[in-house]
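Visitor: Read off the chains here:
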Amino acid sequence: ILNVEQSPQSLHVQEGDSTNFTCSFPSSNFYALHWYRWETAKSPEALFVMTLNGDEKKKGRISATLNTKEGYSYLYIKGSQPEDSATYLCAFNSGANNLFFGTGTRLTVIP
Amino acid sequence: NAGVTQTPKFRVLKTGQSMTLLCAQDMNHEYMYWYRQDPGMGLRLIHYSVGEGTTAKGEVPDGYNVSRLKKQNFLLGLESAAPSQTSVYFCASSRLGQGSSGYTFGSGTRLTVV
Numbered sequence: 006i007l008n009v010e011q012s013p014q015s016l017h018v019q020e021g022d023s024t025n026f027t028c029s030f031p032s033s034n035f036y037a038l039h040w041y042r043w044e045t046a047k048s049p050e051a052l053f054v055m056t057l058n059g060d061e062k063k064k065g066r067i068s069a070t071l072n073t074k075e076g077y078s079y080l081y082i083k084g085s086q087p088e089d090s091a092t093y094l095c096a097f098n099s100g101a102n103n104l105f106f107g108t109g110t111r112l113t114v115i116p
Numbered sequence: 145n146a147g148v149t150q151t152p153k154f155r156v157l158k159t160g161q162s163m164t165l166l167c168a169q170d171m172n173h174e175y176m177y178w179y180r181q182d183p184g185m186g187l188r189l190i191h192y193s194v195g196e197g198t199t200a201k202g203e204v205p206d207g208y209n210v211s212r213l214k215k216q217n218f219l220l221g222l223e224s225a226a227p228s229q230t231s232v233y234f235c236a237s238s239r240l241g242q243g244s245s246g247y248t249f250g251s252g253t254r255l256t257v258v
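Protein chains in written order, with this note's numbering: chain A, 6 to 116; chain B, 145 to 258.
There's no promise every hint is true.
What the hints assert, rightly or not - Pair ranges (Cβ atoms, derived): (1) TYR36/A x GLY160/B: 36 to 42 Å; (2) SER251/B x PRO87/A: 21 to 27 Å; (3) GLN161/B x PRO116/A: 44 to 50 Å; (4) GLU223/B x PRO116/A: 45 to 51 Å; (5) GLY21/A x VAL258/B: 44 to 50 Å; (6) SER23/A x THR159/B: 48 to 54 Å; (7) THR256/B x THR45/A: 17 to 23 Å; (8) LYS201/B x ASP60/A: 27 to 33 Å; (9) VAL232/B x GLU10/A: 19 to 25 Å.
Stated by the list, open to error - Take a look, some chain A residues computed to stay more than 10 Å from chain B by CB distance: (10) VAL18; (11) GLN19; (12) ASN58; (13) THR70; (14) TYR79; (15) GLY84; (16) SER90; (17) ARG111.
Simulated from the structure, these hints should not be mistaken for laboratory data.
Beta carbons: idealized from backbone N, C-alpha and C, even for Gly.
Sequences and hints are given; from them, build the entire structure.
Guide: Below you can see the structure in the form of structure tokens.
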């Protein structure tokens, strides 16, 4: 069992604000780090799969960075919109066929 | 394109009853997974399959069995349900293994064991 920690657990931001949250994972035996967006009453949807130290990925207003040496990844949302309200999950893979998921950061964007 | 379809969406079982959850994917993915989600915990892997006819144990396999007779289907069975198996169950599939590609998830099955 591997420990994947996400912070904060939840946050509320005003529409238009930019925000970021953190995923911490073991720095040894790193293979891949995933980010998922999970809207209420829907299923998790893959945002990014990151494999290289220093990786930066971007999808519209959402971007992510990866530091495998220190074991963390940041997810950034620029100019938050109400439709960004969701739980954001990260998941760590050490090379086996198992993703270890964090408990998520629940984002609420207030119009 | 349906993606990953889970049936049923909801079920209530009595302790000791059995049931099978069905997962079907139409993306020709080799890898399929069953996860459970419990309050305050991250998704935990129950069993997975790396291809038709194969299955393997995940993190929390006890009390569950699986089968992958056809590439597109992955079945999760509970032989004798226990209240501790009350959870939301998610099936997922991926094109590549070892976390190299993103997972596509089904919409979940909410199971209550009374």
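Visitor: Each hint needs a verdict: does it hold in this structure or not?
Guide: Consistency of the hints with the structure:
no., hint, result
1, TYR36/A x GLY160/B: 36 to 42 Å, "holds (40 Å)"
2, SER251/B x PRO87/A: 21 to 27 Å, "holds (22 Å)"
3, GLN161/B x PRO116/A: 44 to 50 Å, "holds (46 Å)"
4, GLU223/B x PRO116/A: 45 to 51 Å, "holds (49 Å)"
5, GLY21/A x VAL258/B: 44 to 50 Å, "holds (47 Å)"
6, SER23/A x THR159/B: 48 to 54 Å, "holds (49 Å)"
7, THR256/B x THR45/A: 17 to 23 Å, "holds (19 Å)"
8, LYS201/B x ASP60/A: 27 to 33 Å, "holds (31 Å)"
9, VAL232/B x GLU10/A: 19 to 25 Å, "holds (22 Å)"
10, VAL18, "holds (23 Å)"
11, GLN19, "holds (28 Å)"
12, ASN58, "holds (16 Å)"
13, THR70, "holds (18 Å)"
14, TYR79, "holds (18 Å)"
15, GLY84, "holds (24 Å)"
16, SER90, "holds (19 Å)"
17, ARG111, "holds (12 Å)"
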